[in-house]
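K.L.:
Below are the chains, spelled out letter by letter.
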Amino acid sequence: MFYIFCPYCDEHREEEEFHPKGQAHLSRPADPDACTDEEWGNFIYFRDNPRGIHHEIWVHAIGCRKFFNVTRDTQSYEILESYRMGSAPRITQLTDKQQS
Amino acid sequence: MSEAVKEAVAEPALVAIMEQLPKTEVPARSPLAHHTEVLSRPTHENPGVRLWENALRTHLALRGDAGSADFARGVEAATGLALPERLQCHQSGEWALSWVAPDEWLLTGPGDQALAMEMSLREELDGHYAVINLSGGQTMLRLSGPKARLVLMKSCPYDVHDRHFPVGKVVTTVLAKSQATIRRVGEEDWELVVRRSFADYVWRWLVDASQEYRLSLGHPE
Ligand SMILES: [Zn+2]
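Protein sequence lines, in the order shown, are assigned to chains A and B.
Here the UniProt record's numbering is used: the first residue of the first sequence is 1, the next is one more, and so on.
Here the UniProt record's numbering is used: the first residue of the second sequence is 1, the next is one more, and so on.
Okay, chain B solo, but in the shape it has when bound (with noise of 0.2 angstroms):
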């Protein structure tokens, strides 16, 4: 390492952390809520399959090294979650942490808690580690019922099977030839994570997929 490499990796880290939601009364608009807003297809009394959207969440990526114990004993001491193993995700109430790669994990929780969070992330963590708030570039779908898998066979390469996808199990693959981070939430329950910019395109690909289950939109009440 060249000396001024050191030099600027010995520095103390110059960030700047904002609080992202606007102080005036601006609506927030998720990137489905042309959809959700206007929820006019019938609804079934008995469906297969409920989708909707669990809009404007925080959503934070950490980065830092797995295999550091103050790293771990950080992020632990900040949400309250120890850091997953690999394809695992830890949930504590509102939040969770899911396993992305080696040295990344996606942390998300209720939508104006991403600066609170960050700023104790930052206050526990030290050395060589990154906190990135994701939160307007991604979002969250949630796809359930007993048909729910299914539909993932449909539009998924990966094996959803309970052998394989386990609940607490969580993988980034590809879905509707898009991406997503799919997370089992429960036996008969799914989290979907994907880009903001492909969220229309899959928010209707699952639309479309979940026709012929009895697909009920919206928040399950």
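Chain A on its own, in the form it takes in the complex (with noise of 0.2 angstroms):
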């Protein structure tokens, strides 16, 4: 059993309740046109694999069906938050440095 807390349902949820949707904060371009051709292919197909702290979305497909942000240990598996679309995290790479 491998629980995930949904900030929607504000329960531990069964993981098989969930599926990943890749990496979170990405934001698009806002203005397409004017970008580059670098700029928009970074944002289309380029995306971090960290060893350690990864900020990804996540769906409660059985569930609510809300999209969410979890704050994940990549080596460990560990999740270290979740927190609702729209709101920042509160453990970046950065305050794990801090902290260790």
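Read the hints as simulated data drawn from the structure, not as lab findings.
Note that the coordinates shown come from a computational prediction; the quantities given were computed from them, not determined experimentally.
Every residue gets a Cβ at the ideal spot worked out from N, C-alpha and C, and that includes glycine.
Hints may be right or wrong, so weigh each one.
The calculated lysine to aspartate or glutamate pairs, modelled on DMTMM-like cross-linking and capped at a C-alpha distance of 20 angstroms, are [unchecked claim]:
1. LYS154/B - GLU14/A
2. LYS169/B - ASP31/A
3. LYS169/B - GLU104/B
4. LYS177/B - GLU38/A
According to the in silico footprint, chain B covers these stretches of chain A (three or more CB under 8 angstroms from chain B) [unchecked claim]:
5. 18-31
6. 34-44
Not close to chain A: a few residues of chain B, all C-beta gaps over 10 angstroms, as computed [unchecked claim]:
7. GLU104
8. GLU187
9. ALA209
These two chains come separately, so use the hints to put the complex back together.
P.N.:
Here it is in structure tokens:
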């Protein structure tokens, strides 16, 4: 059993109810017509693959069907926090370094 | 927002509302009619579990802004039910309003009143909202009896202990590798809303899982 906290249901739920949806906090170039091919290519195709803290989008697919963010440690698989769309993570690479 | 989008939002929405029940005498068949019409299985004197389909009910999906006082007032005016909080259900007579998501609820009631309820919701509500008739797309199962909770414990990963799942709570979760919106109607009384296409599978699963608890099929007299 592996539980993930849904910030909309406000409960821990079984992992089976969720799907990961990739890197979070990607921002689309404000004016796609004005950006360079490289900027657009980076937005469309390229994703971070860090060892350690990673912010991801997950969806509570068999549940409230809402998308939300997760801060996860890619080494230990530990989920450090779940937070709603539009809000900022409490734990980042920076705060993690300060702690250790 | 672009001008075109602003105009589209400002315009009154064009929606197609129709009576989805046939006007002529067509025998209506629920997704589980083939199980419930022929109940040849022996029924126990003192069943541990009862399973039946609450067939052909009205199922309406209702979406809107939970934070809007107007929306909450409109829903209450049409249904007589206050918008339930997270994971809660409000019930009055035949109608039940269940929380599904922060901006979505499931309204269930008598099968012949879908159109009337939809019209009355549209009458009372204004602005950005949605009412969708899902009656044909899903069905309702009822599981009751002293062992009903044990059947759910075998079938879903959600904690259905009294402490965690009191009467009045409703959750959408995994059931038998499929999914269901599970509501605790009473201490020994559960309601499961499942997709039409999975109804046969879920029924068979529940029948199989209930064998050891003296299952009785069909609505209790
Ligand atoms: Zn959720």
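K.L.:
Evaluate the condition: distance from the CB of ALA209/B to the nearest CB of chain A exceeds 10 angstroms.
P.N.:
Per Cβ check, ALA209/B is outside 10 angstroms of chain A; nearest 18 angstroms; holds.
K.L.:
Please count how many residues of the stretch 18-31 of chain A have a CB within 8 angstroms of a CB from chain B and say whether that reaches 3.
P.N.:
Our answer is that it is violated, as 0 residues pass the Cβ test (under 8 angstroms) against chain B, missing three.
K.L.:
Just to be careful, I want the Cα atoms of LYS169/B and ASP31/A compared with a cutoff of 20 angstroms; is the pair within it?
P.N.:
violated (46 angstroms)
K.L.:
Since GLU187/B was said not to touch the interface, does its Cβ keep a gap of more than 10 angstroms from each Cβ of chain A?
P.N.:
holds (22 angstroms)
K.L.:
Check the non-interface label on GLU104/B: least C-beta distance to chain A beyond 10 angstroms or not.
P.N.:
violated (8 angstroms)
K.L.:
Taking 20 angstroms as the top limit, are the C-alpha atoms of LYS169/B and GLU104/B close enough?
P.N.:
Distance of about 15 angstroms is within 20 angstroms: holds.
K.L.:
Is LYS177/B close enough to GLU38/A, meaning Cα to Cα at most 20 angstroms?
P.N.:
Between LYS177/B and GLU38/A the Cα gap is close to 43 angstroms, so the pair fails against 20 angstroms, i.e. violated.
K.L.:
Can you tell me if the stretch 34-44 of chain A counts as covered by chain B, using C-beta to C-beta distances under 8 angstroms and a minimum of three residues?
P.N.:
It is violated, with 0 qualifying residues against the three required.
K.L.:
For the pair supplied as a hint, LYS154/B and GLU14/A, is the alpha-carbon distance within the 20 angstroms limit?
P.N.:
holds (15 angstroms)
Checked against the numbered hints given earlier, this structure breaks hints 2, 4, 5, 6 and 7; the rest are met.
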